[in-house]
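S.K.: Below, each chain spelled out in residue letters.
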Amino acid sequence: MKSRLKLLASPARIGIYAFLASAALFFLLPLYVMLVTSLKSMDEIRSGSVLALPLAATLEPWRQAWSEVCTGAACEGVRAGFWNSVAITVPSTILPIMLGAVNGYALAFWRPRGATLLFGILMVGAFVPVQVMIYPLVRLLATMGLFGSLPAIVLVHLIFGMPVMTMLFRNYYASVPHELYQAARIDGGGFFRVFLQVMLPLSLPIIAVAAIMQVTGVWNDYILGLVFAGRDNLPMTVQLNNVINTTTGSRLYNVNMAATILTALVPLALYFFSGRWFVRGVAAGAVKG
Amino acid sequence: MTAMRPRYRLRSVTPFAALLPMALTVIVAYVGAALWTLKVSFTSSRTFASDNFVGLAQYERLFANERWMLSLHNLAVYGLLFVLACMLIGFLLAVFIDQNVTGEGVLRTIFLYPYAMSFMATGLVWQWLLTPGNGLEQALQQLGFRDVQLDWIIDQNMAIYTIVIATVWQASGLVMAILLAGLRGIDPEIWKAARLDGIPKWRVYLSIVVPMLGATLSTVFLLLAVAVVKLFDAVVAMTQGGPGTASEVPAKFIMDHLFLRSNIGLASAAAVVLLVPVLALLAPYIYARSRAKGRA
Amino acid sequence: MVHAYRMALAAGLLVAGACSHSAHAGQAAGPTAEVIHWWTSGGESAAVKEIAQAYRAAGGIWVDSAIAGGDQARAVTINRIVGGNPPTAAQFNTSKQFLDAIENGMLNNVDALAARQGWDKALPEAIVNVIKVKGHYYALPLSIHMQTWIWYSQAAFKKAGIAKEPATVDELFAALDKLKAAGIVPLAHGGQSWQETILFSSMLSSVGGKQLYLSVLRDRDQRAIHSDAFKKVLLAYKRLQSYVDAGAPGRNWNDATAMLISGKAGVQIMGDWAKGEFSNAKMAAGTQYGCIPGLGPDAPYLIQGDVFVFPKTSNPSVLKAQELLGNVAVAPATQLAFNRLKGSIPPRSDIDASTLDLCAQKGVQIMKDKARVVGVTEVYLTPDQNGALQDVLTAFWNTRMPVETAQKNIAAALRD
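Chains as they are written, first to last, in my numbering: chain W, 1 to 289; chain E, 1 to 296; chain G, 1 to 416.
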């Protein structure tokens with residue numbers, strides 16, 4: 001008991017909490033500004049300081065952002081695109097993660113001929129700014145007759161997600177003990193058997209990371225959804241962009257901030273609930289067992 | 001060990017079949033788009049791709065363009081600072097959170113939430129915070145620090161550093177998450193053994209854990225490098241490449257010429273030039289890693 | 001696990017199939033027009049709703065595709081034309097932005113409408129030059145904005161002891177000096193390259209005059225660019241910078257207007273979309289703020305505007321929709337309603353302007369004198385040339401570049 005108390009109050013422990021607390025302050029500062037701005041009226045924003053608390057807090061910007069703000073002839077707020085974003089994000093997360101996992105597994109353990117070269121090209125492809133590839137992809141999808149539809153945008157997200165997803169899993173499996181793989185093979189496991197029964201269960205932490213990255217990337221994507229999804233499937237970010245980025249019109253900063261926070265709630269929920277997947281020592285435990 | 005592998009390869013065609021989607025994507029989408037971009041960079045294409053070949057004219061124009069040269073310089077400066085800062089902060093955050101702290105879920109969300117938010121809005125907030133006469137400078141002056149001047153964002157030479165601050169804020173959380181996943185994959189026995197041997201914890205981290213995290217660290221490094229090369233949203237939201245063209249970056253240069261200036265010939269040339277150093281860095285790296293794995 | 005994989009794939013495709021089917025069902029009454037535009041702010045949205053309502057009243061179905069950011073919206077339009085899924089109509093600026101689309105045969109012409117409306121005679125030359133290519137009309141003008149209005153705060157002028165509106169360039173600089181002496185920020189400016197180009201255009205037209213303006217921008221005459229007269233223009237432009245406050249870089253234009261509204265600044269040179277900010281703050285033209293269209297009685301009136309283009313199609317129902325939309329958009333009632341809410345003035349010269357605000361009425365009056373009307377930079381330059389010019393102007397503004405270097409760089413930017 002005494003040693004446990006000593007551990008809790010030790011200088012090292014205090015140092016850890018101090019560091020985490022000051023880091024948290026730095027990270028929370030912009031969120032504070034966003035919340036405070038979203039509760040002010042435009043007059044207050046124009047005349048006051050960015051860090052000041054609202055004098056007369058109002059939830060009006062939030063209501064406007066969600067359901068009322070006019071973007072063009074439609075006045076539906078960011079709510080309009082919510083289900084479209086869901087319809088795009090779900091397949092665009094599941095498919096790239098599955099393919100990334102299979103690719104990473106094949107690259108880390110099996111390494112067929114030419115695979116490393118393909119992977120190398122894929123990695124170089126990860127560096128290409130997305131917009132450079134839009135035009136050729138438009139032509140390609142038009143030839144396939146898919147342009148402007150939900151399969152088109154899912155396919156596009158798959159193409160752009162593949163490099164990072166593959167790399168995540170490949171590097172993760174590279175640090176899994178090779179003996180595990182060999183033991184499974186000796187036990188008679190084929191390609192998919194070893195993958196599904198041995199490797200995949202070990203992969204929870206990296207699946208969590210992959211899900212975080214892919215859901216965030218797809219949910220916040222704007223330009224790809226705009227070009228490829230077709231008018232009926234436009235994601236929420238299009239409305240969000242319309243609220244934030246008018247060129248020659250006046251900008252409602254309070255509505256901007258409210259709309260941004262609303263749009264970010266889905267990835268945020270994922271971050272919070274993905275905690276259970278950051279489990280300790282899973283791979284190591286499997287070797288012993 | 002090595003003698004066993006050829007037998008596996010000959011026996012099973014499943015790995016090839018499983019990698020077929022990747023092969024198709026690489027060849028059709030990536031190599032196809034790269035070849036197309038290369039071709040366009042040799043033409044005088046404006047809004048649409050034309051077949052009017054002009055040889056190296058776009059490249060000549062590119063290297064005579066001050067804005068482009070400045071963007072390359074900015075990329076180097078930014079890249080170095082961003083990668084170092086993110087890796088350091090992300091690593092420290094991951095290590096400290098891994099110490100069985102209370103409220104891990106809350107802390108993790110606090111460090112990760114910047115990654116979830118659209119940079120169009122958060123960039124604007126950072127612009128407000130760092131603009132002189134407003135934001136942080138005003139707040140500090142009101143608190144009594146009369147002489148504080150936070151004018152990096154309007155300074156030709158310092159504007160790029162403000163972008164470092166904002167993007168490190170956004171990305172460190174993700175670095176933390178990935179390193180945390182890696183740390184959680186480490187055998188708990190190591191800690192027990194180290195404690196029995198009386199090795200101080202920080203020593204364990206430096207000499208044992210960091211090498212074990214090799215693959216994870218290289219993942220993080222690659223992701224950060226990709227983010228550096230693709231840096232665009234932050235610059236648009238915070239400085240629009242200004243003041244003047246001081247904080248211009250290559251991705252923004254390319255984007256501006258692709259859409260705004262309807263000059264896809266020049267934009268393609270810029271994209272090709274941007275990829276050359278990436279290729280130069282990546283090719284030996286991948287070659288080395290594949291050889292290393294082969295020996296194992 | 002493989003089972004789950006297959007289920008997810010099937011689910012994904014099922015959702016995709018359902019969605020694409022629903023897109024085709026239920027188009028019965030009236031021609032459907034899908035319009036891509038970037039009128040997304042409050043005032044702009046209200047304005048485009050007028051066109052939408054007029055279209056619906058004429059029996060059509062309006063499908064709105066609003067995309068903020070002109071370059072994004074245009075990029076989507078271009079990509080959708082290339083991808084084979086074009087909108088019925090799309091917004092562009094009165095500029096050379098759609099020249100490539102015309103040359104590649106991607107737009108339907110509107111010659112019938114042009115003939116009926118007599119555009120050859122009724123519209124200013126600056127507009128006709130960009131919408132008429134090789135004898136055919138390809139765009140429908142919707143609005144005319146003036147880019148270089150000089151706005152001033154009455155309260156600030158009173159505090160600085162400025163009795164009357166500046167009517168010449170010298171009087172403007174004198175007024176700016178008085179504002180500075182009174183401790184007010186003389187010129188409210190947002191440090192973005194397009195705003196600096198507005199300041200430059202204002203100086204080029206006021207200091208240089210209409211002839212020099214056209215030689216430099218329309219004719220891209222190298223000798224004019226290297227002339228002493230142009231050097232004077234550049235020096236006047238750079239002189240404006242001494243009247244700008246330190247927090248200007250990166251500032252949005254409407255935040256600069258806010259400085260005028262709160263009395264912190266005296267003058268802003270900005271397009272007529274700034275009126276929306278004043279109205280939102282419940283300020284009235286002529287009493288609380290003033291608008292000067294140009295310095296001098298014959299000062300050039302710099303116009304830019306918005307047009308609709310109609311992507312090429314031979315689909316009869318789309319052609320019907322395009323025709324209906326065209327007729328609706330040129331109707332006087334529609335044009336008046338649209339422009340009043342947007343702060344611009346109608347391209348038609350025969351509209352009753354008495355319901356427009358004071359500054360717009362000034363504009364309509366000036367437009368009657370065709371000789372005074374010229375286009376802004378993007379009317380004469382391709383997007384690429386315009387961008388290159390902006391780069392030089394913003395570098396000259398922000399660094400210690402010598403004026404001769406600026407001249408040389410501008411000459412190079414406009415050469416090809």
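Calculated from the structure, these hints are not laboratory results. We put the CB at the ideal spot given by N, CA and C, even for glycine. It is possible that some hints are incorrect.
Stated by the list, open to error - Quick list of the computed label-pair ranges, beta carbon to beta carbon:
{"hint": "1", "chain 1": "E", "residue 1": "Pro211", "chain 2": "W", "residue 2": "Ala21", "range": "49 to 57 Å"}
{"hint": "2", "chain 1": "E", "residue 1": "Leu140", "chain 2": "G", "residue 2": "Ile61", "range": "54 to 62 Å"}
{"hint": "3", "chain 1": "W", "residue 1": "Met144", "chain 2": "G", "residue 2": "Ser314", "range": "53 to 61 Å"}
{"hint": "4", "chain 1": "W", "residue 1": "Ala57", "chain 2": "E", "residue 2": "Gln142", "range": "16 to 24 Å"}
{"hint": "5", "chain 1": "W", "residue 1": "Arg113", "chain 2": "G", "residue 2": "Pro316", "range": "49 to 57 Å"}
{"hint": "6", "chain 1": "E", "residue 1": "Tyr205", "chain 2": "W", "residue 2": "Phe26", "range": "18 to 26 Å"}
To be verified - Some but not every residue of chain E turned toward chain G, in silico, with C-beta under 7 Å:
{"hint": "7", "residue": "Arg46"}
{"hint": "8", "residue": "Leu143"}
{"hint": "9", "residue": "Gly144"}
{"hint": "10", "residue": "Gly244"}
{"hint": "11", "residue": "Phe259"}
{"hint": "12", "residue": "Leu260"}
S.K.: A separate judgement is required for each hint: does it hold in the structure or not?
M.R.: Hints, verified against the model:
no., hint, verdict
1, E/Pro211 with W/Ala21: 49 to 57 Å, "violated (30 Å)"
2, E/Leu140 with G/Ile61: 54 to 62 Å, "holds (56 Å)"
3, W/Met144 with G/Ser314: 53 to 61 Å, "violated (23 Å)"
4, W/Ala57 with E/Gln142: 16 to 24 Å, "holds (21 Å)"
5, W/Arg113 with G/Pro316: 49 to 57 Å, "holds (56 Å)"
6, E/Tyr205 with W/Phe26: 18 to 26 Å, "holds (23 Å)"
7, Arg46, "holds (5 Å)"
8, Leu143, "violated (20 Å)"
9, Gly144, "violated (22 Å)"
10, Gly244, "holds (3 Å)"
11, Phe259, "holds (4 Å)"
12, Leu260, "holds (4 Å)"
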